[in-house]
Amino acid sequence: MSADQTLIAYTLRLADNALILAQRMIELVAAEPELEEELANANFALDYIGQARMLYSHAGELEGNGRSEDEFAFMRDEHEFRNLLLLEQPNGHFGDALVRQFLFEAFYLHLLEALIACSDQGLSEIAARAIKEVKYHNRHSAQWLVRLGDGTEFSRERVQASLDNAWRYTGEMFTGDDIDVAFQRDFDGPNLNAIRDLWKRDVERTVTEATLRLPDEQWMVSGGKQGQHSEHFGFLLAEMQYLQRSFPSATW
Amino acid sequence: MYTQGLDQAGNDKQSGVETAEQLAAFQKRVDAEEKIEAKDWMPEAYRRTLIRQISQHAHSEIIGMQPEGNWLTRAPSLKRKAILLAKVQDEAGHGLYLYSAAETLGVSRDQMVADLLSGKAKYSSIFNYPTLTWADIGAIGWLVDGAAIMNQIPLCRCSYGPYARAMVRVCKEESFHQRQGFDIMLTLCRGTAAQKAMAQDALNRWWWPSLMMFGPNDTESKHSAQSMAWKIKRFSNDELRQKFVDVTVQQAEFLGIRVPDDELSFDPESGHYTFGEIDWQEFIDVVAGNGPCNKQRLEKRQYAHNEGEWVRAAAQAYASKQAARAAA
Ligand SMILES: [Fe+2]
Ligand SMILES: [Fe+2]
Ligand SMILES: [Fe+2]
Numbered sequence: 003m004s005a006d007q008t009l010i011a012y013t014l015r016l017a018d019n020a021l022i023l024a025q026r027m028i029e030l031v032a033a034e035p036e037l038e039e040e041l042a043n044a045n046f047a048l049d050y051i052g053q054a055r056m057l058y059s060h061a062g063e064l065e066g067n068g069r070s071e072d073e074f075a076f077m078r079d080e081h082e083f084r085n086l087l088l089l090e091q092p093n094g095h096f097g098d099a100l101v102r103q104f105l106f107e108a109f110y111l112h113l114l115e116a117l118i119a120c121s122d123q124g125l126s127e128i129a130a131r132a133i134k135e136v137k138y139h140n141r142h143s144a145q146w147l148v149r150l151g152d153g154t155e156f157s158r159e160r161v162q163a164s165l166d167n168a169w170r171y172t173g174e175m176f177t178g179d180d181i182d183v184a185f186q187r188d189f190d191g192p193n194l195n196a197i198r199d200l201w202k203r204d205v206e207r208t209v210t211e212a213t214l215r216l217p218d219e220q221w222m223v224s225g226g227k228q229g230q231h232s233e234h235f236g237f238l239l240a241e242m243q244y245l246q247r248s249f250p251s252a253t254w
Numbered sequence: 285m286y287t288q289g290l291d292q293a294g295n296d297k298q299s300g301v302e303t304a305e306q307l308a309a310f311q312k313r314v315d316a317e318e319k320i321e322a323k324d325w326m327p328e329a330y331r332r333t334l335i336r337q338i339s340q341h342a343h344s345e346i347i348g349m350q351p352e353g354n355w356l357t358r359a360p361s362l363k364r365k366a367i368l369l370a371k372v373q374d375e376a377g378h379g380l381y382l383y384s385a386a387e388t389l390g391v392s393r394d395q396m397v398a399d400l401l402s403g404k405a406k407y408s409s410i411f412n413y414p415t416l417t418w419a420d421i422g423a424i425g426w427l428v429d430g431a432a433i434m435n436q437i438p439l440c441r442c443s444y445g446p447y448a449r450a451m452v453r454v455c456k457e458e459s460f461h462q463r464q465g466f467d468i469m470l471t472l473c474r475g476t477a478a479q480k481a482m483a484q485d486a487l488n489r490w491w492w493p494s495l496m497m498f499g500p501n502d503t504e505s506k507h508s509a510q511s512m513a514w515k516i517k518r519f520s521n522d523e524l525r526q527k528f529v530d531v532t533v534q535q536a537e538f539l540g541i542r543v544p545d546d547e548l549s550f551d552p553e554s555g556h557y558t559f560g561e562i563d564w565q566e567f568i569d570v571v572a573g574n575g576p577c578n579k580q581r582l583e584k585r586q587y588a589h590n591e592g593e594w595v596r597a598a599a600q601a602y603a604s605k606q607a608a609r610a611a612a
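Residue numbers (the working numbering), protein chains in the order written: chain U, 3 to 254; chain W, 285 to 612.
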């Protein structure tokens with residue numbers, strides 16, 4: 003794989019993460035437990051759609067074949083998407099969606115920090131914008147985790163189960179493959195081992211404050227980064243892509 | 285603004301403690317275009333009329349998130365998805381300011397929400413129609429937000445200060461929504477034959493319900509005279525509806541789609557369009573709960589509220605623990 007191909011593939015993974023998480027979040031519109039959370043969820047999802055658009059456009063420019071953000075989003079098949087499995091998981095209840103958000107963003111924050119320092123100027127600029135948004139999201143999610151953990155007996159048990167269930171998807175964030183290795187080497191990209199340590203430290207701090215316990219070391223599922231998704235994913239794409247696919251030549 | 289139910293609900297009996305002097309002094313302030321503020325004396329019926337109107341408006345913003353939210357996951361481009369999400373977020377924000385404005389009149393948000401969930405409170409009938417195609421998102425922005433603006437611009441001068449100020453902010457955002465909706469329609473009408481057909485179908489289904497948004501004819505509108513005297517209302521239902529028809533018919537011509545009314549014609553003498561009779565039975569049915577989506581909309585709200593119960597309970601328990609810790 004050439005350096006250019008590495009950069010495009012890496013950028014698309016980031017874009018897919020942003021888009022797929024946003025798509026799950028917007029399923030929650032009009033279903034939040036209170037009005038203030040409607041505003042927060044919509045606001046954060048908008049940030050992710052914005053990031054996905056910047057990242058797809060950047061990938062399109064790097065590729066140089068005139069592929070638009072919408073072609074990336076709506077005209078690729080399941081196996082061409084390279085998002086983390088964690089992000090495509092169904093929303094479940096408020097605690098499940100919250101834990102997904104919290105675990106991913108605790109990682110993403112450090113990833114973006116590292117990306118600001120990478121040698122690709124476009125990615126570095128996008129990361130610098132995104133990190134401001136994600137810092138804010140992360141504070142919000144951490145506060146909610148503490149409220150649910152240290153709330154009622156019921157909420158503690160419920161969100162502990164969310165944490166236990168989501169944990170198996172976290173390994174994928176730190177398992178570097180050829181693209182991660184090449185991106186680190188050729189573009190001064192993130193060191194995933196170092197990020198794992200920071201992530202663990204941050205997650206442990208909030209989980210402790212929330213009076214929850216960190217799940218035990220366990221078997222981890224992976225495959226999203228290589229295009230092998232869960233059964234849920236095809237339905238997500240079918241819904242998201244249906245208009246573009248039904249009217250392939252139309253402008254919207 | 286979605287306050288049409290105003291004319292159906294409620295029955296304001298004035299309590300006996302209000303003197304003729306108080307009422308006259310209040311009317312004098314209103315006539316002088318002074319803003320009435322939360323702490324000022326006001327007739328009980330004025331207060332109750334405003335609570336009903338503002339809370340209905342707030343509920344409409346919240347329920348209105350559903351028909352539009354229905355296309356969020358299927359929006360046909362990332363740009364349209366972002367615009368629609370921003371719009372739905374604005375509507376949640378409108379709900380929030382309006383609940384706050386109503387709270388200044390001494391009713392709690394919890395009470396208003398409880399009235400919505402129990403089916404006691406009304407919201408605009410327009411949101412009880414389904415969004416069946418992407419063009420419906422265009423039609424809602426163009427027609428429904430368009431009608432809302434017609435209704436709401438005069439409310440920016442409403443005699444009750446907190447409501448008037450909330451409306452100034454809301455109106456700015458509604459006019460964005462209207463333009464974005466029109467832009468969706470324009471793109472469809474300039475697109476393929478199938479897209480244009482989709483736009484026409486949406487206009488066919490949304491035209492008459494949009495006209496109903498202005499409420500009953502003036503001859504049927506019970507509360508209007510009092511609301512006008514109090515300067516809560518500035519124009520009658522029929523005046524606003526006429527204004528909407530005059531503007532919107534020309535926009536439909538520009539789009540190249542047909543308004544579904546055989547009786548529609550321009551009257552050069554008055555400078556207005558004359559239009560056919562609204563199916564008032566349909567309006568009455570939908571307001572009474574028998575529209576295509578009334579049950580679905582309310583059930584979704586109830587479900588979200590019930591599913592969120594444990595989350596709100598946890599937040600409350602945590603807050604009390606924190607307060608106890610701080611006190612210790
Ligand atoms: Fe409104
Ligand atoms: Fe609104
Ligand atoms: Fe609006």
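Calculated directly from the structure, the hints in this document are not laboratory data.
Bear in mind the structure is a predicted one, so any value in this text is a computation, not a measurement.
Hints may be right or wrong, so weigh each one.
[What the hints assert, rightly or not] A few chain U residues that face chain W, going by a derived Cβ cut-off under 10 Å, partial list only:
(1) Glu29
(2) Ala32
(3) Asn43
(4) Gly153
(5) Ser232
(6) Glu233
(7) His234
(8) Phe235
(9) Thr253
In this text, a Cβ means the ideal position worked out from N, Cα and C, and glycines have one as well.
Broken hints, by number: Violated hints (numbers, rising): 5, 6, 7, 8; every other hint is consistent with the structure.
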